[in-house]
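Residue numbers (our numbering), protein chains in the order written: chain X, 1 to 183; chain W, 1001 to 1149; chain L, 2001 to 2491; chain A, 3001 to 3114.
No wet-lab data here; the hints were simulated from the structure. Any given hint could be a false lead.
Unchecked claim - Pairs of lysine-lysine residues, derived as PhoX-like cross-links and limited to a Cα-Cα distance of at most 25 angstroms, are as follows:
#1 K3100/A x K25/X
#2 K87/X x K2159/L
#3 K2421/L x K2361/L
#4 K3048/A x K2197/L
#5 K87/X x K3108/A
#6 K109/X x K3048/A
#7 K1064/W x K1012/W
#8 K25/X x K87/X
#9 K25/X x K2159/L
#10 K3048/A x K3058/A
#11 K3100/A x K2159/L
#12 K2150/L x K3108/A
#13 K3108/A x K25/X
#14 K2063/L x K2481/L
#15 K2150/L x K2355/L
#16 K2197/L x K2063/L
#17 K2197/L x K109/X
#18 K2159/L x K3108/A
#19 K2421/L x K2197/L
#20 K2421/L x K2355/L
#21 K3058/A x K2150/L
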Amino acid sequence: MPVESWLIFLLSFMIVGSIIALEMKDLLSAVISIGVVGLGVSVAFLLLQAPDLAVVQFLFEIFSIVIMVRAFIKKDYHREEPSRVNKILAGVTLITLIAVFFLSVPLFKLLPAFGEPLMTTSRYYLENGAAETGSANIISAVILDYRAYDTLGETTVLFTAILGTLTIIRIKKRSKVAEEEKP
Amino acid sequence: MNQQAGMTLIVKTVTRISVWLILLYGIYIILHGHLSPGGGFAGGVIIALAFLNVMLAFGRDFIKNWLNIEMLHDIDSSSATMFLAVGILGMAFGGSFLANFIPHGTLFNLVSSGTIQVLNIVIGLKVGMGLFIVVWALALFHLDRKELK
Amino acid sequence: MILPFFIIIPLLTAFIITLIAGERDNWAVILSIIAVISLVALSVFCFVTLNGRTIVYEMSNWKAPIGIILAVDALSAFMLMIVAVIALTSLMFSVHYIRHLAPSWKYYALFMLLVTGMNGVIATGDLFNMFVFVEITLFAAYSLVAYGCKAEEFEASFKYAIMGSISSTLVLVGIGITYAATSTLTLAKIAEVLQQKDPMVTLWIGGIFLAGFGLKAAIMPFHAWLPDAHSSAPAPISAMLSGVLIKALGVYVLIRLFFNVFGGITIFNEVFVILGTISILVGGFLAMGQWDFKRLLAYSSISQIGYIILGLGLGTWLGVLGAVFHLVNHAIFKSLLFYNAGSLETAFGTRDLRKMGNVAKALPITSFTSMIASLSISGVPPFNGFFSKLIIIIAAIQAGRPVYAFLAAVGSLITLAYYMKVQRFGFHSRNIVPVEKDVISFGMNSAMIILAVLCLATSVLIIPGIREVTLDPIVAVIMNKTGYISQIFGR
Amino acid sequence: MTVYLLCFTLLLVGIYGIITKRDLVRIIISSGIMGYAVNLLIVLFGYKNGSIYAIFIKDTPVSPQMMVDPLPQALVLTSIVIELGTTAMLVALAVRLFEKYQTFDITKIRRLSG
Chain X
1 MPVESWLIFL
11 LSFMIVGSII
21 ALEMKDLLSA
31 VISIGVVGLG
41 VSVAFLLLQA
51 PDLAVVQFLF
61 EIFSIVIMVR
71 AFIKKDYHRE
81 EPSRVNKILA
91 GVTLITLIAV
101 FFLSVPLFKL
111 LPAFGEPLMT
121 TSRYYLENGA
131 AETGSANIIS
141 AVILDYRAYD
151 TLGETTVLFT
161 AILGTLTIIR
171 IKKRSKVAEE
181 EKP
Chain W
1001 MNQQAGMTLI
1011 VKTVTRISVW
1021 LILLYGIYII
1031 LHGHLSPGGG
1041 FAGGVIIALA
1051 FLNVMLAFGR
1061 DFIKNWLNIE
1071 MLHDIDSSSA
1081 TMFLAVGILG
1091 MAFGGSFLAN
1101 FIPHGTLFNL
1111 VSSGTIQVLN
1121 IVIGLKVGMG
1131 LFIVVWALAL
1141 FHLDRKELK
Chain L
2001 MILPFFIIIP
2011 LLTAFIITLI
2021 AGERDNWAVI
2031 LSIIAVISLV
2041 ALSVFCFVTL
2051 NGRTIVYEMS
2061 NWKAPIGIIL
2071 AVDALSAFML
2081 MIVAVIALTS
2091 LMFSVHYIRH
2101 LAPSWKYYAL
2111 FMLLVTGMNG
2121 VIATGDLFNM
2131 FVFVEITLFA
2141 AYSLVAYGCK
2151 AEEFEASFKY
2161 AIMGSISSTL
2171 VLVGIGITYA
2181 ATSTLTLAKI
2191 AEVLQQKDPM
2201 VTLWIGGIFL
2211 AGFGLKAAIM
2221 PFHAWLPDAH
2231 SSAPAPISAM
2241 LSGVLIKALG
2251 VYVLIRLFFN
2261 VFGGITIFNE
2271 VFVILGTISI
2281 LVGGFLAMGQ
2291 WDFKRLLAYS
2301 SISQIGYIIL
2311 GLGLGTWLGV
2321 LGAVFHLVNH
2331 AIFKSLLFYN
2341 AGSLETAFGT
2351 RDLRKMGNVA
2361 KALPITSFTS
2371 MIASLSISGV
2381 PPFNGFFSKL
2391 IIIIAAIQAG
2401 RPVYAFLAAV
2411 GSLITLAYYM
2421 KVQRFGFHSR
2431 NIVPVEKDVI
2441 SFGMNSAMII
2451 LAVLCLATSV
2461 LIIPGIREVT
2471 LDPIVAVIMN
2481 KTGYISQIFG
2491 R
Chain A
3001 MTVYLLCFTL
3011 LLVGIYGIIT
3021 KRDLVRIIIS
3031 SGIMGYAVNL
3041 LIVLFGYKNG
3051 SIYAIFIKDT
3061 PVSPQMMVDP
3071 LPQALVLTSI
3081 VIELGTTAML
3091 VALAVRLFEK
3101 YQTFDITKIR
3111 RLSG
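Just chain X, same shape as in the assembly (with noise of 0.2 angstroms):
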């Protein structure tokens, strides 16, 4: 089963660099290490045999990470402010989670097991996909036909995100200059 056992080592790649991004120091390369987790992302993304999200979730996090560096690392802050963190409410969430994921164990096996999914509904989608909605690719095909009300959904919501990002910054639609800020 290689596929399994290459997700397995991806998945523990991908924790020990989200928890280094956690805990490492310096800003920049806790920014840069979630990239690397991210683009662990788009690998298994591909090995799942989904192309399409592989491209997007690749792309998407070139962008997260453009943001995020553009944002935070041209202040003169590149090292975290040494604050006291709370040790007792770290070491409270700390068991709580380990609780839960123990209690989780067997709720997951009440699902169907990895690899065989039941596909009642979307066996619809391959079987005359490409007959009802003209379009080879099955993915775009749930998107924008059998799906496109959610499609407009995410189109607004992109469009909300856009919008909100730029009410917050503040910067005026006509005006050249962002407008001197109200103290």
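Could you slot chains W, L and A onto chain X? The hints should help.
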């Protein structure tokens, strides 16, 4: 073109060539959305990264007159309106909202899957322009904060 | 046939406002007011002509489990009406208020996207589609909370965004596991498949969704973000957040999932009852100590939501009737109270109750409407609050839970206490404070008068004659539990 | 089964990061980690053993039974874009917060009482 803005000369010359290839590749990904992996979302981000590449290599002032930023805002909101217009047209012709009312054509050739291709192009434009505006706003935000000091 | 227009009208308005936005925002104001008025008319028409049926609209011409469907029954039509009415009054209030705060077309575009998101959540019959429209509403809410660009607003918006992203992740995990177990996304089909599945799966999915959507409804253990977000947002936006958003995104979705999809399992009803009562008491005690008017209103929202959750948890016909009735009452008088807070803020420039002077002469309409709202929220007889709380308390006694009934009554007394504090300090205190002359516009006053009249009008809903037509079909839909499947698939 | 549990631990690492970390940037990073974990979990539910990607190619006939489940992939495409929207919004808020409070430490950003 003032030399000190943006990066070194080597980067500028390489970008001058590579930007057009990246844009071409992005348009290819959008147009072939229904045949090969990728589509509106992936192609749009590639276009946004092409503009970003120019902004990083040549600096903010160059891109302000190379690209009309107001036009980007208008393309962003008009492509979102076009997506809704395709939906309403689907309601008028195809029976229900967002129906695929354009004839499908034969499988596998370029113009073949009715509204799927139209929607791919619309989403490609939307994602491309919108994401570049976000990074542009972040860059502009730093610009005026330095002047404030 | 008219269902997609609940989403098309506000969405098209938002896009057009962005397109034609100029320096001045009066185009944006006109367009959004026309859109919301048409929404009010559409939702009232839809509720009146519904009489017990469930309208199903198949998106892009595909049948239910394949494509996405919009399913509107009595409960959804009722919620659509509440969203439209409160959106109309909030818009009327914000025309002058926002010009006073920071005039910009972005406010109206984001406001229309907020309404689109809520209408999308209420009308949809598909699980993942509900998640996407919840995200739209949340993104619009984050940026509207941070609209004033002051330091506390960014802090409140950041905390709200973090809470929102945790709850969205939990909801997405729930959707993933529901898809793995039932391999379908249409709510009715999920309900149908879950009946044959192992009940442990339903409990697990229910637990995750309770955590995810409980965070959005600010039920007790997940309430931390609400006081910050609702108190630092501009007044019309906190009215929309407190009055409608936590109901449409939180309570409505909990009703739809836990009654119509999971079939009202007794364990979850117990959890609802306990969480509801804790919310009532803790929300009330925290509200007592507040001096900032809007923070006090935010804590009182948590306590009033507790009543609704308690009513639902009882699971009896009377309990659900009380919960639905309190839902609409709370939407009305909480929005009115936030409008009063907004007009006091524009008049005095402060939200601190101690610094407010004698308002009765300076702002007659604000003080009169706030008297009505305070009386109705604390459950004084002639007003609507009294009847809904009474029904919930009677239902608790009938359902054999006198302790919860007693605690609900204590909660009601606490509410009365802190609203009297609001009246005494906010509106009738003796210190003379300079008041900005005629700063409350006609729009703000008319919004307050409309809601004050509604406070009285909705108490009419309880008379048996009118109740059969309005509230009973809604309670029938909820108590019908998994009958929702046959309503959707028509067999 | 072990793949699901590993993905679930990645999610718990993200939740741990959000709750305990003091630094705004760390909180944004851990919300990103949570997003990756959930997207991966949904695609894991859709994988079929020995299947290939759900795209028909011109002259190589592939039987639909051999294809992977397209629906979770369509859902995750949407939720990746939502993740980017959340990150962009959080970054914008963090930048403005740094401008107002001159610090990235969430404990020092305490102007709201309680």
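Taking the hints in turn, this is what the structure says about them:
no., hint, verdict
1, K3100/A x K25/X, "24 angstroms, holds"
2, K87/X x K2159/L, "22 angstroms, holds"
3, K2421/L x K2361/L, "19 angstroms, holds"
4, K3048/A x K2197/L, "21 angstroms, holds"
5, K87/X x K3108/A, "17 angstroms, holds"
6, K109/X x K3048/A, "17 angstroms, holds"
7, K1064/W x K1012/W, "16 angstroms, holds"
8, K25/X x K87/X, "17 angstroms, holds"
9, K25/X x K2159/L, "23 angstroms, holds"
10, K3048/A x K3058/A, "23 angstroms, holds"
11, K3100/A x K2159/L, "16 angstroms, holds"
12, K2150/L x K3108/A, "16 angstroms, holds"
13, K3108/A x K25/X, "19 angstroms, holds"
14, K2063/L x K2481/L, "23 angstroms, holds"
15, K2150/L x K2355/L, "21 angstroms, holds"
16, K2197/L x K2063/L, "24 angstroms, holds"
17, K2197/L x K109/X, "13 angstroms, holds"
18, K2159/L x K3108/A, "14 angstroms, holds"
19, K2421/L x K2197/L, "53 angstroms, violated"
20, K2421/L x K2355/L, "13 angstroms, holds"
21, K3058/A x K2150/L, "58 angstroms, violated"
Of the numbered hints stated above, those contradicted by the structure are hints 19, 21, listed in ascending order.
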